[in-house]
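J.: Line order of the protein sequences matches chains C, A and S.
In case it helps, the numbering used here puts the first sequence at residues 1 to 222.
In case it helps, the numbering used here puts the second sequence at residues 1 to 117.
In case it helps, the numbering used here puts the third sequence at residues 1 to 310.
A portion of the hints provided could be inaccurate.
[What the hints assert, rightly or not] Okay, derived cross-link-like pairs now, SDA-like style, lysine to any residue, Cα gap no bigger than 20 Å in a straight line: (1) C:Lys168 - S:Ser115; (2) C:Lys173 - S:Phe116; (3) C:Lys58 - A:Lys31; (4) C:Lys173 - S:Ala120; (5) S:Lys71 - S:Pro27; (6) A:Lys109 - C:Asn55; (7) C:Lys187 - S:Glu172; (8) C:Lys168 - C:Cys132; (9) S:Lys215 - S:Ala15; (10) A:Lys64 - C:Glu35; (11) C:Lys39 - C:Arg125; (12) A:Lys109 - C:Gln61; (13) S:Lys299 - S:Ala281; (14) A:Lys57 - C:Gly38; (15) C:Lys166 - S:Glu202; (16) C:Lys40 - A:Lys31; (17) C:Lys58 - A:Gly72; (18) C:Lys40 - A:Asp21; (19) A:Lys64 - C:Lys166; (20) S:Lys235 - S:Phe116.
I should point out that these hints are in silico values taken from the structure, not numbers from a laboratory.
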Amino acid sequence: MIVAEQKPLEEIAESVKDRDKILIVGCNECVTVCEAGGKKEVGVLASALRMYFRNQGKDVQIDERTLERQCDREYLEEIRDIADTYDVILSLACGVGVQFMAEMYHSMPVMPGVNTCFLGATEERGVWTERCQACGSCVLASTGGVCPVSRCAKRVLNGPCGGSGKGKCEINKEVDCAWQLIVDRLKALDRMADYETLAPLKDWSTDRAGGPRKVVREDVKA
Amino acid sequence: MRLDYPTNVKIVRVPCTGKVDILHLLHSFEKGADGVYVVGCMEGECHYNGGNFRAKKRVAQAAKILDAVGVGGQRVRMYNLSSSEGPKFAEYAREMTDLIRELGPSPLKRDKKQQAA
Amino acid sequence: MTVKTHSKLEKIMAAGHLAITGECGPPRGTDIAEVEHKVNLVKDYVDAINVTDNQTAVTRMSSLAACIKIKLMGFEPVLQMVCRDRNRIALQSDILGAAAFGINNVLCLSGDHQSFGDCATGQNVYDLDSMQLVQTVRHMRDEGKFLGGADIKRPPQMFVGAAANPFADPFEIRVPRLAKKVAAGAEFIQTQCIYNLERFEEWMRLARERGLTEKVKIMAGVTPMKSVGMAKYMKNRVPGMDVPDDVVARMAGVPKEKQPEEGLKICVETIQRLKEVKGVAGFHIMAIEWEEVVGGIVKDAGLYPRPVVD
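Could you build all of it, start to finish, from the sequences and the hints given here?
T.: Written out as structure tokens, the structure is:
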């Protein structure tokens with residue numbers, strides 16, 4: 001899922017100061033799972049902001065709403081009737097949702113309440129780690145299911161580099177060396193022979209480098 | 001036991017402090033409370049296993065938020081005792097009241113008064 | 001062994017001599033005289049001089065610029081290229097630039113992560129990895145073509161090297177990794193500096209078993225230690241470095257003023273021991289910011305004067 005983290009309160013408050021009516025909109029999917037922008041977080045943020053502004057002598061109306069998703073127009077449409085009663089929409093969705101919100105409500109200021117961080121998974125409650133960088137041409141078949149693009153700090157495709165030590169990456173002792181993990185998996189799968197196959201130069205044009213990307217399925221398009 | 005404790009303490013009963021949501025704590029301050037304290041079982045003796053640990057975490061989280069918004073995290077805290085300890089209950093009530101008295105009214109109310117004035 | 005380029009380094013090793021390379025870190029400024037000074041300290045004692053490329057991700061004068069200076073001074077540079085800062089266009093471009101000035105040797109590296117250096121908030125590139133860079137330079141030389149397919153006018157004739165670290169983990173793939181680099185086209189290898197001689201000799205044994213020492217020239221890296229502080233720093237703070245406790249103890253066992261001398265002794269002993277190891281084709285002496293001791297090391301190790309090749 002997309003993993004995000006709520007922005008510091010001061011930064012959020014700064015982005016919506018001078019507004020009298022704020023609608024905080026949460027999202028029921030990824031940001032709920034990573035506890036950054038779901039219904040609960042919307043409630044807590046709304047309460048915190050109300051107190052923050054009241055402490056400065058301002059009474060701000062802050063309402064709360066959580067949509068199923070903010071990356072599908074049909075859900076964003078649900079607030080059409082109330083949207084322009086507010087001065088600003090504070091969206092706790094990931095960067096995708098914030099932008100879609102802004103597109104759907106063209107003349108309404110939309111502020112992001114979270115920093116969208118990466119594509120990842122829940123290691124345990126409260127801990128989320130990166131697993132995928134959406135490079136657009138997945139190599140997991142040849143690396144035993146461990147991604148060198150997202151989990152290696154140098155995205156070495158023929159690794160490890162010389163900085164791998166005791167299974168950890170040179171940048172941080174708490175970061176696993178992706179290539180140690182790959183080697184361990186290849187051993188477990190009895191595929192160590194694959195290790196010596198030279199991975200070819202990567203086509204980064206399907207990655208961010210190629211520009212904003214698009215996927216189309218002609219067979220399901222209207 | 002018919003012990004005395006300060007009259008300004010309003011009690012909200014819950015079957016387990018694990019039922020206390022962080023929003024209950026925050027909304028109390030929004031609605032004019034000067035202080036909120038959560039009283040739960042001794043750690044390790046929760047009747048529902050770990051409810052009081054959840055409460056402890058939520059109280060800590062609320063304290064951080066209250067610090068960030070300028071209300072003050074010391075206004076929310078947790079106490080642990082066993083259900084038979086009546087005198088302790090009264091003692092904590094007095095202690096919390098004294099603490100809040102010292103801190104003064106919640107700044108949220110202060111500003112409202114200033115606005116009215 | 002046939003020689004494929006005009007590289008002096010290649011020729012010395014092909015002739016069966018133990019080659020010696022030194023190292024020069026470019027200045028953190030624009031004064032090329034600093035490069036000149038370092039080169040002059042080592043020139044009679046080494047066959048070629050490596051120039052580091054923004055090592056530990058600290059911004060310095062470019063390796064290419066310093067290599068050009070060394071070439072113009074009449075000596076043999078080894079251009080170190082990291083994959084951290086340049087994409088495949090810039091890498092190929094710099095290879096052409098180097099070849100234009102007759103720079104004959106390139107060492108292909110991944111590069112330390114930028115978080116170690118002075119621009120930790122910068123982007124990194126890693127378009128290619130070090131093995132793919134080796135492949136690329138060989139392709140440019142042997143096929144005479146750019147990665148994009150077009151012909152190169154007067155292809156570069158570089159002797160291509162890569163680094164190897166017998167001390168990084170996991171140990172079990174260190175030799176398969178060396179095999180991979182050889183398969184990618186590496187013609188010479190310079191290793192990380194060696195203090196754990198047993199581990200290095202074991203790695204060499206495994207390399208010999210796989211026939212790799214027939215295919216690639218392995219140069220053993222050595223660095224003299226100046227103090228016990230340096231020994232401890234390298235042991236604990238430098239990634240991929242193996243400094244055994246007894247080496248640290250040896251440095252600690254002498255008074256402070258005598259430690260540099262002890263460090264030099266250890267370095268010379270290392271070279272003398274490794275001279276006997278089959279498959280070691282030479283030594284890469286990295287006397288960082290201590291270039292003036294290189295001459296003494298080479299002499300004491302019995303490797304002076306340096307052989308002359310045409």
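J.: Against the 20 Å threshold, does the CA-CA distance of Lys109 (chain A) and Gln61 (chain C) hold or violate the hint?
T.: holds (17 Å)
J.: For Lys58 (chain C) and Gly72 (chain A), compute the direct alpha-carbon distance and say whether it is at most 20 Å.
T.: holds (18 Å)
J.: Quick one, are Lys64 (chain A) and Glu35 (chain C) close enough, alpha carbons at most 20 Å?
T.: holds (17 Å)
J.: Between the alpha carbons of Lys166 (chain C) and Glu202 (chain S), is the straight-line distance 20 Å or under?
T.: This hinted pair holds, its Cα atoms lying about 19 Å apart.
J.: Checking one constraint from the list: CA of Lys71 (chain S) to CA of Pro27 (chain S), max 20 Å. Satisfied?
T.: holds (17 Å)
J.: Does Asp21 (chain A) sit within 20 Å of Lys40 (chain C), going by the straight-line distance between their CA atoms?
T.: holds (10 Å)
J.: Take a quick look at whether Lys215 (chain S) and Ala15 (chain S) sit within 20 Å of each other, Cα to Cα.
T.: Holds. Lys215 (chain S) to Ala15 (chain S) sits at ~15 Å (cutoff 20 Å).
J.: Please verify whether Lys173 (chain C) and Phe116 (chain S) have alpha carbons no more than 20 Å apart.
T.: Holds: Lys173 (chain C) and Phe116 (chain S) sit about 13 Å apart, inside 20 Å.
J.: When you check the alpha-carbon spacing of Lys299 (chain S) and Ala281 (chain S), does it fall within 20 Å?
T.: holds (18 Å)
J.: Take a quick look at whether Lys40 (chain C) and Lys31 (chain A) sit within 20 Å of each other, Cα to Cα.
T.: Distance ~19 Å between Lys40 (chain C) and Lys31 (chain A) Cα, so the pair holds.
J.: Can the restraint linking Lys64 (chain A) and Lys166 (chain C) be considered satisfied, given a maximum Cα separation of 20 Å?
T.: Given that 20 Å is the threshold and the Cα spacing comes to 37 Å, the pair is violated.
J.: Keeping to a limit of 20 Å between CA atoms, is the pair of Lys173 (chain C) and Ala120 (chain S) held or broken?
T.: holds (17 Å)
Hint 19 alone, counting from the list given before, is not met by this structure.
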